[in-house]
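Chains as they are written, first to last, in numbering that gives the first Met the number 0: chain A, 0 to 189; chain B, 0 to 444.
Calculated directly from the structure, the hints in this document are not laboratory data. Check before you lean on any hint, since a few could be wrong.
To be verified - Derived coverage of chain A by chain B (criterion: at least 3 residues anywhere in the stretch with Cβ under 8 angstroms from a Cβ of chain B; other residues may be distant): (1) 38 to 47; (2) 70 to 82; (3) 98 to 111; (4) 166 to 180.
To be verified - Residues from chain B that face chain A, not an exhaustive set, calculated with beta carbons under 8 angstroms: (5) Phe99; (6) Gly134; (7) Glu138; (8) His141; (9) His172; (10) Arg173; (11) Gly176; (12) Ala177; (13) Ile190; (14) Glu191; (15) Lys193; (16) Gly260; (17) Val330; (18) Val332; (19) Asn344; (20) Glu352.
Claimed, not checked - Just the calculated beta-carbon pair ranges, DEER-fashion: (21) A:Asp108 with B:Arg124: 46 to 52 angstroms; (22) A:Ala127 with B:Val22: 43 to 49 angstroms; (23) A:Leu31 with B:Pro241: 47 to 53 angstroms; (24) B:Val442 with A:Ala22: 52 to 58 angstroms; (25) B:Ser163 with A:Asp112: 53 to 59 angstroms; (26) B:Lys42 with A:Arg164: 52 to 58 angstroms; (27) A:Ile177 with B:Trp366: 40 to 46 angstroms.
Note that beta-carbon positions come from the ideal geometry of N, C-alpha and C, so glycine has one too.
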Amino acid sequence: MSWKVIDRNAAPDKAEAPVLTDALVEKIRVFLPRYETKRAALLPALHVVQDHFGYVSWQAMQELAELLEINASDVFDVVTFYTYFWTHPRGEKVVTVCRSTACAFMGADSVLDECKKVLGIGEHETTADGKFSLQTEECLATCDHAPCLYVNERCHKHVKPEDVRRIIEDPNNAKLDIERSTLFDGVKGA
Amino acid sequence: MVRTADPTNLSTYEPILLRHVGVPEARTLEGYRARGGYKAAEKALTQMSADDVIDEVKRANLRGRGGAGFPAGVKWSFLPKDRTVTYLCVNADESEPPTFSNRVLMENDPHALIEGTIIAGYATRATTAYIYMRGEFWEQFHIVQKAIDEAYAAGILGKDIFGSGYGLNVYIHRGGGAYVCGEETGLIESIEGKRGWPRIKPPFPAIEGLFRKPTVVNNVETLCNVPHIIERGADWFLGIGPEGSSGPKLFCISGPVKKPGCYEWAMDISLRELIEDPRFGGGMRDGKKVKAVFPGGISMGVVTGDELDMKMNFTDPAKFGLLGLGTAAAVVVDDSIDIRTVIRNVARFFSHESCGQCTQCREGTSWMFKMTDRLAGNLGRREDLDLLAEVSGNMGMMPGMSICGLSDGAAFAIKTVIKKFRSELEECIARENPEAVKIALEVVN
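Using the sequences and the accompanying hints, generate a full structural model.
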């Protein structure tokens with residue numbers, strides 16, 4: 000979707016220690032028998048990596064490539080195609096504001112503006128303390144609750160601009176009130 | 000909260016697909032079985048042959064609920080007879096604004112999806128089914144995964160289901176938030192661990208799909224209909240709604256209406272009823288007026304406030320210049336919203352989600368966004384409207400130029416807005432400051 004230039008001088012070939020720990024590799028191996036090819040486990044593996052680190056680093060991509068017996072460029076290709084995956088560190092909590100039709104007509108713009116004001120950052124930026132990142136997304140399929148705002152996995156419904164500060168300051172704003180599957184660890188803080 | 004059809008009107012219509020909305024115990028296996036769940040799967044697997052199941056679904060003329068409306072039974076019968084491995088993919092990628100019916104189904108009735116998957120898997124002789132769920136469906140993932148775990152523990156999934164000798168594994172494959180992965184071959188590529196780039200057809204997935212094996216891709220809502228067809232018969236299904244658009248259908252309504260939500264009805268209601276009837280949308284908020292409606296997801300096109308008598312079935316939308324029924328998810332634009340911001344929002348969606356494989360879609364959608372962005376910023380020109388109409392007329396599968404239908408959707412959304420709201424757009428342009436436009440153009444060129 001978009002081109003990304005890597006500074007070859009700045010990107011180290013390989014770190015001393017692998018970033019994928021044995022526990023993570025074990026977690027990824029669970030997905031291998033599900034598919035005919037090793038490569039097909041790439042998306043689940045990326046989810047596991049992103050859940051653990053918050054983003055998919057260049058180093059992790061290389062190690063995933065080795066694990067799944069594909070080229071590192073193929074991993075990079077996939078990571079950059081899907082908007083869900085981050086290639087750089089993000090905040091502990093990611094605030095996502097939907098910007099598609101139903102939310103837009105119900106006032107998502109003013110919710111986004113309020114988020115920017117409360118957090119003091121712009122779109123696709125992270126606060127200096129590393130607590131929050133702010134992003135917008137296209138339709139998140141919660142149009143009946145428009146305008147909606149996600150904090151990590153948790154959906155906040157019918158958000159008004161005056162609710163934003165309360166939602167962001169609430170320590171439990173990312174907590175899901177349902178039982179979680181252990182297959183994917185999920186974003187930290189959930 | 001998700002609302003179903005008004006309980007006081009149950010005499011005229013009893014919800015079928017949404018019968019478990021607001022029934023939390025139906026999410027669990029015991030709750031679902033206590034309410035008659037998995038009876039249809041047991042009947043299909045123990046009393047019917049795979050061909051019987053296909054014939055029954057074919058006879059019911061169950062048209063795909065994902066957007067294209069292709070009959071599911073016919074799709075299943077395209078599979079080659081001498082195949083050894085078959086894959087079943089469940090499309091739960093749901094990214095079309097403003098559609099959320101699959102989300103409602105998965106949240107409230109995950110076992111109905113699994114039951115439909117088992118029957119479809121049996122009919123197509125698939126031994127592995129992948130539920131392709133978009134990455135942003137976190138809550139829904141946990142709910143459906145828990146249902147799958149329960150089903151495995153009870154022997155409803157895995158080997159030898161209901162003592163029939165048939166075995167099926169169901170896995171959830173989480174995507175990464177790409178709209179184009181809702182296209183069936185894009186979805187297949189994504190499961191294979193690649194970018195979601197749609198494939199050139201033919202060969203169609205039924206011949207060569209996932210891992211180059213015969214594959215069937217069905218929508219969540221389509222599969223949720225299957226158990227009811229098996230349980231109650233094709234004649235019952237054909238008796239609901241008008242001819243050619245039979246069966247229960249989920250309608251989504253969102254925007255500034257009093258009761259946005261997902262509702263179930265036969266396909267004999269009009270768009271006006273969906274918006275104004277107290278059983279559904281309940282009318283507009285704060286006395287606002289309907290300016291425009293995207294009745295089938297934005298890619299199907301727009302209708303004006305004067306065209307609300309359109310019936311929500313598979314045939315009527317074409318009479319109003321739309322691409323089709325689509326996902327039957329309507330979003331209402333009220334009269335306080337500038338049509339230029341609407342067209343800009345729609346164009347941005349498609350330029351963001353175009354996969355970049357076909358030139359006219361990649362370039363066309365991004366240029367349409369640039370032009371509509373300019374329009375919305377009071378810097379539009381009259382020629383822009385003609386140019387937008389020209390660009391949108393030159394992309395898509397229908398002129399035979401692209402691999403998938405994404406550009407058709409982009410074209411229809413823009414084309415219909417330009418056609419139906421041209422006078423308003425021209426008025427907006429006439430109000431602009433011609434000097435500013437001139438200066439802006441000089442800067443650009």
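Going through the hints against the structure:
no.: 1; hint: 38 to 47; result: holds (count 8)
no.: 2; hint: 70 to 82; result: holds (count 6)
no.: 3; hint: 98 to 111; result: holds (count 7)
no.: 4; hint: 166 to 180; result: holds (count 5)
no.: 5; hint: Phe99; result: holds, 4 angstroms
no.: 6; hint: Gly134; result: holds, 4 angstroms
no.: 7; hint: Glu138; result: holds, 6 angstroms
no.: 8; hint: His141; result: holds, 5 angstroms
no.: 9; hint: His172; result: holds, 7 angstroms
no.: 10; hint: Arg173; result: holds, 6 angstroms
no.: 11; hint: Gly176; result: holds, 4 angstroms
no.: 12; hint: Ala177; result: holds, 6 angstroms
no.: 13; hint: Ile190; result: holds, 6 angstroms
no.: 14; hint: Glu191; result: holds, 5 angstroms
no.: 15; hint: Lys193; result: holds, 6 angstroms
no.: 16; hint: Gly260; result: holds, 5 angstroms
no.: 17; hint: Val330; result: holds, 5 angstroms
no.: 18; hint: Val332; result: holds, 6 angstroms
no.: 19; hint: Asn344; result: holds, 5 angstroms
no.: 20; hint: Glu352; result: holds, 6 angstroms
no.: 21; hint: A:Asp108 with B:Arg124: 46 to 52 angstroms; result: holds, 51 angstroms
no.: 22; hint: A:Ala127 with B:Val22: 43 to 49 angstroms; result: holds, 47 angstroms
no.: 23; hint: A:Leu31 with B:Pro241: 47 to 53 angstroms; result: holds, 49 angstroms
no.: 24; hint: B:Val442 with A:Ala22: 52 to 58 angstroms; result: holds, 55 angstroms
no.: 25; hint: B:Ser163 with A:Asp112: 53 to 59 angstroms; result: holds, 58 angstroms
no.: 26; hint: B:Lys42 with A:Arg164: 52 to 58 angstroms; result: holds, 55 angstroms
no.: 27; hint: A:Ile177 with B:Trp366: 40 to 46 angstroms; result: holds, 43 angstroms
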